[in-house]
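Peer 1: Each chain, letter by letter, is given below.
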Amino acid sequence: MDHHQRWHPTVNEREFIERALQSDLRVDGRRPFDFRRLKILFGREDGSAEVQLGDTRVMGYATAQLVQPYKDRPNEGTLAIFTEFSPMADPAFEPGRPGESAIELGRVVDRGLRESRAVDMESLCVVAGKHVWSVRVDLHILDNGGNLIDAANIAALAALSTFRRPECTVGGEDGQQVTVHDPEVRDPLPLTIHHLPIAVTFAYFGEGNIMVIDPTYKEEAVMGGRMTATINSNGDVCSIQKAGGEGVMSSVIMQCLRIASVKAADITSKIKNEVNSYTSAKALQKVKRLPASALKKDNAPDVAMKESSDGALETQSTKPSSDGQQINKEPPSVVEDNKQEDVEPMLSECNPEAQSESRLTAGGSDETQEAISPKSLKDAVKPKHKRKKKQHSKINV
Amino acid sequence: MAATAMDHDGGEVVTPGELLGNSSLLAGLGAYADGRCVRASITGHRRLVPPPPGSTDQRSTVEVVGHKAHGAVPQPGSVVIARVTKVMARMASADIMCVDSKAVKEKFTGMIRQQDVRATEIDKVDMFQSYRPGDIVRALLSLGDARAYYLSTAQNELGVVSAQSITGGTLVPISWTEMQCELTGQIEQRKVAKEATIGILDKR
Amino acid sequence: MEYVNPLTGFRVDGRRPNEMRQLKGEVGVVARADGSALFEMGNTRVIAAVYGPREVQNKGQQVNSKDALVRCEYRMADFSTGDRRRKPKGDRRSTEISLVIRQTMEASILTHLMPRSQIDIFVQVLQADGGTRAACINAATLALADAGIPMRDIVTSCSADLNYIEDSAGGPDVTVGFLTKMDKVTLLQMDAKLPMDTFETVMDLAIEGCKAIANYIREVLLENTKRLECQRDH
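Chains as they are written, first to last, in the working numbering: chain Y, 1 to 397; chain U, 398 to 601; chain D, 602 to 835.
Treat the hints loosely; a few may be bogus.
Pairs of lysine-lysine residues, derived as DSSO-like cross-links and limited to a Cα-Cα distance of at most 27 angstroms, are as follows [unchecked claim]:
| id | chain 1 | residue 1 | chain 2 | residue 2 |
| --- | --- | --- | --- | --- |
| 1 | D | 812 | D | 660 |
| 2 | U | 502 | D | 782 |
| 3 | U | 502 | D | 812 |
| 4 | D | 690 | U | 465 |
| 5 | D | 812 | D | 625 |
| 6 | U | 465 | U | 502 |
| 7 | Y | 218 | D | 667 |
| 8 | D | 782 | D | 827 |
| 9 | D | 690 | Y | 71 |
| 10 | D | 660 | U | 504 |
| 11 | U | 465 | U | 521 |
Honestly, the hints are just simulated from the structure, not real lab data.
The task is simple: from the sequences and hints, build the whole structure.
Peer 2: In structure tokens form, the structure reads like this:
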């Protein structure tokens, strides 16, 4: 259980930082209520973002899968935050079990997003009580330069803002069958985000009389207390975390909240700008690919997919696992959404035609193999075209 | 002194954080100075102690006397009574039993290093000729490392104050390096504390 | 669901909107511990025990040799809520609450008076009915005072008084930890979307609650001192 200690300042370092703060100077030259430089980068895929806040770097990655909803909220999707504090970012982070600070960070980000209902959960419901989207945000700390909470919160928001979940429709004889559409066939959908709750962290020094915003690693080692206020650009307080430590007057807390709401507005517009330029860049890419998708539309008319369980069968056959026998055994409610591949695994529960489905999958395994590693858009479309024919012939028989 | 005793019984009961006075008072036990005021840190009776005669500071000290104080915690500079638990070639470990005049409630471990046994010829100390497990030692608490407090017996008044011989008889000090068994008369080597020597010799 | 009946102006459990639940505090409930206390806020019951200051058990945890190491373990008894099931030890929620209680108590303990030692605070929720972390902090304060551990001030906590039904219905839940004599907030937790001025009102309400609880806790401590005196005299 012996764990590495966080960096501890020497008496002189501590005094230097505190003395400087008394005259409103910070070790990195900022003023007390300045944030460090914020940079948001997006990954090649939707739903991944990297946030740099000064030296702090956090990566956020949003994914989703269909699951059964909680019993008490049958028509709401779920949102969960997972944190990864790798010893790479700070030797004080233990490998393996998440430490106290990892848990606190996860819960603060989680509460800020969930309790303020920032992400619309009802729109994530597919079939009430049966299938809902479970959105998962993984936050990886890449470098600990202090104030992980704010950086992680921005990373989570940026990841969620660019995240697209595949569109799905409900069909079948009992109206319970869910078809998850290939992102190439139908544009995946963004999440409905009502507002962006921004975490703003203050550090307190002295006897709670000195405060700074966005503390660095060194300031964190010296501070007597810390408060994270999660506020959106409307000035609504979404969550506050001050877990003990140096006491401060309630008037100081209100002052912090007012400062935080100004900062929240700045950061909100920054995130929105970055997200907008990212999405418009993505849209431009799509325009270039238009001929290919037009081709696809001709060959595989969208209407056919929607019609009935045929659609379900069709996509099911592209499931990466070519083992047809196993499909029935697999718990249907845990199908991973994996955007890297052009094939979209899907889910069909209570399928009356499960037998024919597995037969079909077994038969079509060659094509499936092809479809797993598509190198270009054309390759991805081709097997679909083939399969379509095959299936039609089958139904005709 | 009578006034103090009366204060003890009659003084008002205070709880932590309560104001005891301003900077015209000194904070004693159970009280602490917070900027310009003195506040209580434990629950108990408030008591005023006049300044000791001849001191330069003419301020009285305010203390809080509680019914239950937390157990004593060893601090550098305190004289402790410890029982030797293990003797090794370069050090002996001991459990601290008393800090100054107070018994400790919990176990605290101390360590007597070879170089801290006596003040002279510190490189020629034989640990096995100085301490045995079970000996009661008076020692001065110097600093300590991450594992234990360092105990020093490098003063005449420090060292073994009570010990038993191999046969189980009480050992009586006969010099500052030797003790004799009451039952068998056998002589054993120890680093003997001076005061104990005088005390027992006087009695005889 | 309405928390306050619009006709009568009373809440689900019959209280007025800013009325506090019944408080009950008792010290010295665990014989083996150096200090202990039982604290009740309405139907929420919490027991706290303090051991120490004692030798640091795990030397790796010792941050510096000038201050006492404060540790806290929070646990919810399996039978404390409506659904009786085994709760995993060390889940995310209880780890966070342990951290919160520890840091809140650390803010009031004069740790520099007990260098190189360790103070253990164990808190167990016997019955949960809203405001558990507030009750835990109040119980821990009483237990620390009982153990005679020097403290800067009495730290009390109050959540803007919601009972369990209200809690799971998602009403605003503000928990404040307050150093009454210093007039300072050490703990503040809130999760719900609130406009800033509403939040200020709720926080002020919780602070008023903290002050009332502090008065009550001081009473309990005074009474306990008097009781001990009587026992000693007879």
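Peer 1: All hints are to be evaluated individually against the structure, with a verdict given for each.
Peer 2: Now the hints, each set against the structure:
| no. | hint | result |
| --- | --- | --- |
| 1 | D/812 <-> D/660 | violated, 38 angstroms |
| 2 | U/502 <-> D/782 | violated, 31 angstroms |
| 3 | U/502 <-> D/812 | violated, 34 angstroms |
| 4 | D/690 <-> U/465 | violated, 33 angstroms |
| 5 | D/812 <-> D/625 | holds, 15 angstroms |
| 6 | U/465 <-> U/502 | holds, 12 angstroms |
| 7 | Y/218 <-> D/667 | holds, 20 angstroms |
| 8 | D/782 <-> D/827 | holds, 23 angstroms |
| 9 | D/690 <-> Y/71 | holds, 24 angstroms |
| 10 | D/660 <-> U/504 | holds, 14 angstroms |
| 11 | U/465 <-> U/521 | violated, 46 angstroms |
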